[in-house]
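Here is what each chain is made of, one letter per residue.
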Amino acid sequence: MAGKPKLHYTKGRGKMESIRWLLAAAGVEFEEEFIETKEDLEKLCNDGVLMFQQVPMVEIDGMKMVQTRAILSYIAAKYNLYGKDLKERAWIDMYVEGTTDLMGMIMYLPFQPADTKEKNLALIIERATNRYFPVYEKALKAHGHDYLVGNKLSWADIHLLEAILMAEECKPDILSAFPLLQAFKGRISNVPTIKKFLQPGSQRKPPTDEKFIAVVRKIFNI
Amino acid sequence: MSGKPRLTYLNGRGRMEPVRWLLAAAGVEFEEIFLETREQYEKLIKDGVLMFQQVPMVEIDGMKMVQTRAILSYIAGKYNLYGNDLKEKALIDMYVEGITDLMQMILMFPFSSPEAKEKNIDSIKERATNRYFPVFEKVLKQHGQDFLMGNKFSWADVQLIEAILAVEEKIPAVLLGFPQLQAFKKRMSNMPTIKKFLQPGSPRKPPPDECYVETVLKVFKK
Numbered sequence: 001m002a003g004k005p006k007l008h009y010t011k012g013r014g015k016m017e018s019i020r021w022l023l024a025a026a027g028v029e030f031e032e033e034f035i036e037t038k039e040d041l042e043k044l045c046n047d048g049v050l051m052f053q054q055v056p057m058v059e060i061d062g063m064k065m066v067q068t069r070a071i072l073s074y075i076a077a078k079y080n081l082y083g084k085d086l087k088e089r090a091w092i093d094m095y096v097e098g099t100t101d102l103m104g105m106i107m108y109l110p111f112q113p114a115d116t117k118e119k120n121l122a123l124i125i126e127r128a129t130n131r132y133f134p135v136y137e138k139a140l141k142a143h144g145h146d147y148l149v150g151n152k153l154s155w156a157d158i159h160l161l162e163a164i165l166m167a168e169e170c171k172p173d174i175l176s177a178f179p180l181l182q183a184f185k186g187r188i189s190n191v192p193t194i195k196k197f198l199q200p201g202s203q204r205k206p207p208t209d210e211k212f213i214a215v216v217r218k219i220f221n222i
Numbered sequence: 001m002s003g004k005p006r007l008t009y010l011n012g013r014g015r016m017e018p019v020r021w022l023l024a025a026a027g028v029e030f031e032e033i034f035l036e037t038r039e040q041y042e043k044l045i046k047d048g049v050l051m052f053q054q055v056p057m058v059e060i061d062g063m064k065m066v067q068t069r070a071i072l073s074y075i076a077g078k079y080n081l082y083g084n085d086l087k088e089k090a091l092i093d094m095y096v097e098g099i100t101d102l103m104q105m106i107l108m109f110p111f112s113s114p115e116a117k118e119k120n121i122d123s124i125k126e127r128a129t130n131r132y133f134p135v136f137e138k139v140l141k142q143h144g145q146d147f148l149m150g151n152k153f154s155w156a157d158v159q160l161i162e163a164i165l166a167v168e169e170k171i172p173a174v175l176l177g178f179p180q181l182q183a184f185k186k187r188m189s190n191m192p193t194i195k196k197f198l199q200p201g202s203p204r205k206p207p208p209d210e211c212y213v214e215t216v217l218k219v220f221k222k
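Which chain is which? The protein sequence lines are A and B, in order.
full-length UniProt numbering puts the first sequence at residues 1 to 222.
full-length UniProt numbering puts the second sequence at residues 1 to 222.
For the record, the hints were derived by calculation from the structure and aren't laboratory data.
C-beta atoms are modelled at their ideal positions from N, C-alpha and C, and glycine is treated no differently.
Careful: at least some of the hints might be erroneous.
[Claimed, not checked] Across the chosen pairs, the derived CB separations fall in these ranges:
{"id": "1", "chain 1": "A", "residue 1": "Pro206", "chain 2": "B", "residue 2": "Glu115", "range": "34 to 42 Å"}
{"id": "2", "chain 1": "B", "residue 1": "Glu31", "chain 2": "A", "residue 2": "Asn80", "range": "31 to 39 Å"}
{"id": "3", "chain 1": "B", "residue 1": "Lys4", "chain 2": "A", "residue 2": "Lys138", "range": "40 to 48 Å"}
[Said to hold, decoys possible] To spell it out: a stretch of chain A is covered by chain B in this simulated footprint if at least three of its residues, at any positions, have a beta carbon under 8 Å from a beta carbon of chain B; those stretches are:
{"id": "4", "region": "47-53"}
{"id": "5", "region": "152-158"}
{"id": "6", "region": "169-181"}
{"id": "7", "region": "192-204"}
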């Protein structure tokens, strides 16, 4: 009955990429329907399937879910990646909000005016190195476990790995001051479902290039 | 042992206001520490109590919680305002995320340039009347019950009444085409805990003024 989750988005990372990561890490197969033109998006709106006329939209368990955080929270809880109680969930939420802020900066970089790109990239690197990565390095050091929360793989770990890899695309040696995060990256990349997702041919999307930015601008009128 | 939750933020609405609303609606008394100077803020950072060097920060149940959504999710979960199961939680999350997007426009408004202000009011009005309010009007009409989730009060209701009142402060007649929301507004405003919060002398903060904007820029200047 339930079938595979079906993702509606453009054929790029954007706001849907974290959802692809989480489903993949949870070992859940999913289908994707790609929005390629403005008309594709308009059709979805006209069909009344987008609660706030926006994507991402994920068809899952009879729901047409929208709003990235809502979708991610649902998947995390359903597949036991959200801690064992309210407090663990609180820690996971805090960590995930941090990595969301960092990845948000990286995601918007290609859409910013050309003359601000250098400054914004420098800010991303500064924030990653001084605000975000130290928190996760310290958390791992404090308890000495393999995972961020509750000694068990959670959404927070998957999200952090995604953020690390994105940050490394900005600056390859960005983890140089963070030995525990380097080890973490190695460990989590080797989780079988994640390892599979990191291989060519998976549903992971490549970094956004100029050509794709133009397509996105046209579809969303931005 | 744990005592009342303690909120650290500026003496204004900003990103802490939804937290004040939710605690108040849940009937939970709380204390507040107000940031007035840059020095106070820098001291908090130096003391290591702000995970990502940011406020809001809420001391609750032995945790120093940061990240507004994480804080709100925890409070909603703790005080039974988050639905009865995963699917109800998903719906509440979707509603809340939509309302948060609308509130974000209101949040940023005082910081826009004088020239942009009129255009921004128009944008808020457009989004409220075309994208967000119709969704909740329809939900209430469809089930005919008192709350967004049917017959049970939830975080989504608190977020919605806060948003309605905030938008009305800018666009007084905004609920004109929304009879269900007008009735909802009356009902929510009369719930004992919310009624108390709406009275003078409560922890509810006034709309942001010039003085508030100045304080924000002073404390958080980069």
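Comparing the hints with the structure gives:
Taken as a hint, the range 34 to 42 Å holds for the pair proline 206/A and glutamate 115/B, whose Cβ atoms sit roughly 40 Å apart. One distance hint, 31 to 39 Å for the beta-carbon pair glutamate 31/B and asparagine 80/A, holds here, with the actual separation near 36 Å. A beta carbon spacing of about 28 Å between lysine 4/B and lysine 138/A contradicts the range 40 to 48 Å that was offered as a hint. Under a criterion of three residues with beta carbons nearer than 8 Å to beta carbons of chain B, the stated coverage of the region 47-53 of chain A is upheld, 3 such residues being counted.
Check on the region 152-158 of chain A: 0 of its residues sit with their Cβ under 8 Å from a Cβ of chain B, so the three-residue criterion for coverage is violated. For a cut-off of 8 Å, the count of residues in the region 169-181 of chain A with a CB near a CB of chain B stands at 0, and the three-residue condition is violated. Figure legend: the region 192-204 of chain A, annotated as covered by chain B; annotation inconsistent (0 residues with Cβ-Cβ distances under 8 Å, at least 3 required).
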